[in-house]
Amino acid sequence: MNHASKYQKEEDQELTTESAKAVTLLQGILDVSPGYIAYCEPVFDPADGSSVAPVDFVFRVVNARMSQFVGKQSNSLIGQLITEFPETVIAQQLLEPCRTALKTNNATTFECPDTVDRSGRWYAVTVEPLLTGVVIALIDITDRKQAELKAFKQAEEIRATLDASLNSILLMRSIRNQEGQIVDFRMETANHAVIYSLFKQPEELVGRTLLDVFPGNVESGFFALYARVADTGQSERAEYYYQDENGFKGWFEVSVVRQETDLIVLTFNNVTTQREAQLAQQGQAQLLQVILDHSQTAISLHEPIRNPSGQIVDFQVVRANRQALVNWDSLSGTRLKESFLTLRPDASGNDELTRYVRVIETKQPEAFELTYAERQYAVTLAEADGRVVMSAVDVTKDRQYRRELEALNRNLQQSNEGLHSFAYVASHDLQEPLRKIQTFSDLLLNQFQDNLSDGERDMTRRISKAASRMRQLIKDLLTYSQAAVPRDLHTPVALNQVIDGVMSDLEMAIAETSTTVQVSPLPVVLGSATRLGQLFQNLITNALKFRQAGRPLTLHITARSATPDELPTGVSSGATYCVISVADNGVGFDEKYKDRIFQPFQRLHDATQYSGTGIGLAISQRVVESHDGVIDVRSRPGEGTTFIIVLPVYKSAD
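Sequential numbering of the sequence shown, starting at 600, is according to the numbering used here.
Hint data in this document are derived by calculation from the structure and do not stem from the laboratory.
Please note: incorrect hints may appear among the correct ones.
[Unchecked claim] Ranges between beta-carbon positions, derived for each pair:
1) G670 / S938: 53 to 63 Å
2) Q858 / K752: 37 to 47 Å
3) L680 / Q880: 44 to 54 Å
4) D950 / T995: 15 to 25 Å
5) D1099 / P1151: 16 to 26 Å
6) T896 / A1174: 26 to 36 Å
7) L730 / P1151: 55 to 65 Å
8) Q895 / Q963: 19 to 29 Å
9) N1095 / A966: 44 to 54 Å
10) V782 / Q880: 36 to 46 Å
11) N766 / Q895: 40 to 50 Å
12) D843 / T896: 39 to 49 Å
13) A706 / Q1117: 55 to 65 Å
14) S1160 / N906: 46 to 56 Å
[Stated by the list, open to error] With a Cα cut of at most 30 Å, we get these calculated DSBU-like pairs of lysine-lysine:
15) K752 / K962
16) K1250 / K620
17) K996 / K1250
Quick reminder that beta carbons are idealized off the backbone N, C-alpha and C, glycines included.
Input sequences plus hints: build the corresponding full structure.
This is how it looks when you write it as structure tokens:
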């Protein structure tokens, strides 16, 4: 194996390792997701030769929750067909949505019950096409569905209560013993409404005694009430709960009046429905509060405060669940006492108060994101009976994951661009030395098999030179393609130590050119010491190469804090960055060509006068960008060149 092949193999192994790390990271992100997630690819019937209607789908990527849901380990689930698990919601209800999403290239979202094990569980399902397959995502929404069913049932009870008739009348005559004590009552008259309160026809009551039909009157306290009114003649009203051995029970509101001696009139209402509704409402309110308090979404109710002319001038928090109080932290007690503008007087000058008022006036919900106490929240405002309900979901981790994924996507895009560049160079620029090798190799084999003459040795030298150029091009191109791949970028790196190492490597070249290098104190950054060393070695080597004849080369490396307008695009103005300058007094160049020097194989000077492949500065730019920084250059012909590098400064946990 020659040196080029060995180097190629090592680099391929390194790329494979980095790809494995990226896959592991993405799998870790999927595994912490609260949902059941899988990526599946279609399987077509080879018999009909059609790729329009897949007959099945095969698991390619699954998270831990999906593996538990299906009932198999992740590593054994990969490569299995959906239909191999017929006793799952995925096989029974998601196969057709997967086909539809793949066919239309549109995502579909719906809710479905688990009809397999009849557990009563519900899932919110999203099927979205991705690459050549589909992403399946399930979220358990059973609690929400059960709450909806309970709310519907309670609403039906309330409607039934409103429709009920509650008025009844009974005339009863006292039955006394020999001592004159009332021992029972005989029901003499009953109106038709008793059907709805006592669930008996009037004829079932008239002529019978009270305790014979309703024996529970003694224990409930009604009998003592009736006897007291019959004895004293004083009217009374009361409400008691009735229950007897026959299973009849309920709440009754009673008004008792003595009509004549031993004859009393009962006007009563069966208020069982109202009382149960009241208890149900209390239980519903308590249940709703429990549900809200166990929600990870912060929910609060805000009452508008109006001036005498009816204009909304402020808001007051009247109710909040536990998560909202946790989010408000030490201010939770104050928020339930003080108005919005009392706590936040600055809000009258921005859009916060305006949003609340707009929701009340338009009755249209509004959604936005809000930063509070260093956390990011997705907030929704909605109008409810003249008040505002605010729900806030903590999306800090979600936004962090999104930024990480975006960074991964950017790095992947950069790597892809490097691969495209490699393919372009391999098919164009590298063809010339390859053709030379082939041509002169053929001449040696066909015409000079014995002894070599001078001409033959010249050809051999050409072959050697072309092969050397080819190896250098391949080496530089591979270095360029890998410069943007994330690797070891989470280690504090002292730049002065990096510069010391580079100076040691270039010690002979610096001495031979009588170069003076002055290095100021440099900061510590977060990144890869190897790549940062490659960056500064390229810049110093570039200065040594393009020095002016007859003038000693002087190189200055300095650092300072970056100003807000020097920060990379998309970086918060509060981020800490440094500006590192690498300045020389070399030949310089016209700045109108500065965009070219960071492009691979672009040269501003004669290749016969200055060696190299023209890719070193392109590699430097990629190293800086992989560290979330930027690089720029300033130069004038005959006055030297200054490279300006902006990098984030490492912040210790202290």
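Here is what the structure says about each hint:
The hinted range of 53 to 63 Å is satisfied by G670 and S938, whose Cβ atoms lie roughly 54 Å apart. Between Q858 and K752 the Cβ separation comes to about 43 Å, which falls inside the hinted range of 37 to 47 Å. Restraint check, L680 to Q880: a C-beta distance of roughly 51 Å satisfies the suggested window 44 to 54 Å. D950 and T995 have their C-beta atoms about 22 Å apart, which keeps the hinted 15 to 25 Å range intact.
Take D1099 and P1151: their Cβ atoms lie about 22 Å apart, and the range 16 to 26 Å holds. About 30 Å separates the C-beta atoms of T896 and A1174, a value consistent with the hinted range of 26 to 36 Å. Take L730 and P1151: their Cβ atoms lie about 58 Å apart, and the range 55 to 65 Å holds. Roughly 26 Å separates the CB atoms of Q895 and Q963, a value that falls within the hinted 19 to 29 Å.
About 49 Å separates the C-beta atoms of N1095 and A966, a value consistent with the hinted range of 44 to 54 Å. Hint check: V782 to Q880, Cβ distance near 40 Å, so the stated range 36 to 46 Å holds. For the pair N766 and Q895, the beta carbons lie near 49 Å from each other, so the given range of 40 to 50 Å is met. Take D843 and T896: their Cβ atoms lie about 48 Å apart, and the range 39 to 49 Å holds.
Range check, A706 to Q1117: about 59 Å between beta-carbon atoms, so the 55 to 65 Å window is met. The supplied range of 46 to 56 Å is met by S1160 and N906, whose beta-carbon atoms lie about 49 Å from each other. Restraint check: the Cα-Cα separation between K752 and K962 comes to about 27 Å, which is no more than 30 Å; the hinted pair holds. Annotation: proposed proximity of K1250 to K620 holds, straight-line Cα distance about 25 Å (limit 30 Å).
The straight-line distance between the Cα atoms of K996 and K1250 is roughly 20 Å, inside the 30 Å bound, and the hint therefore holds.
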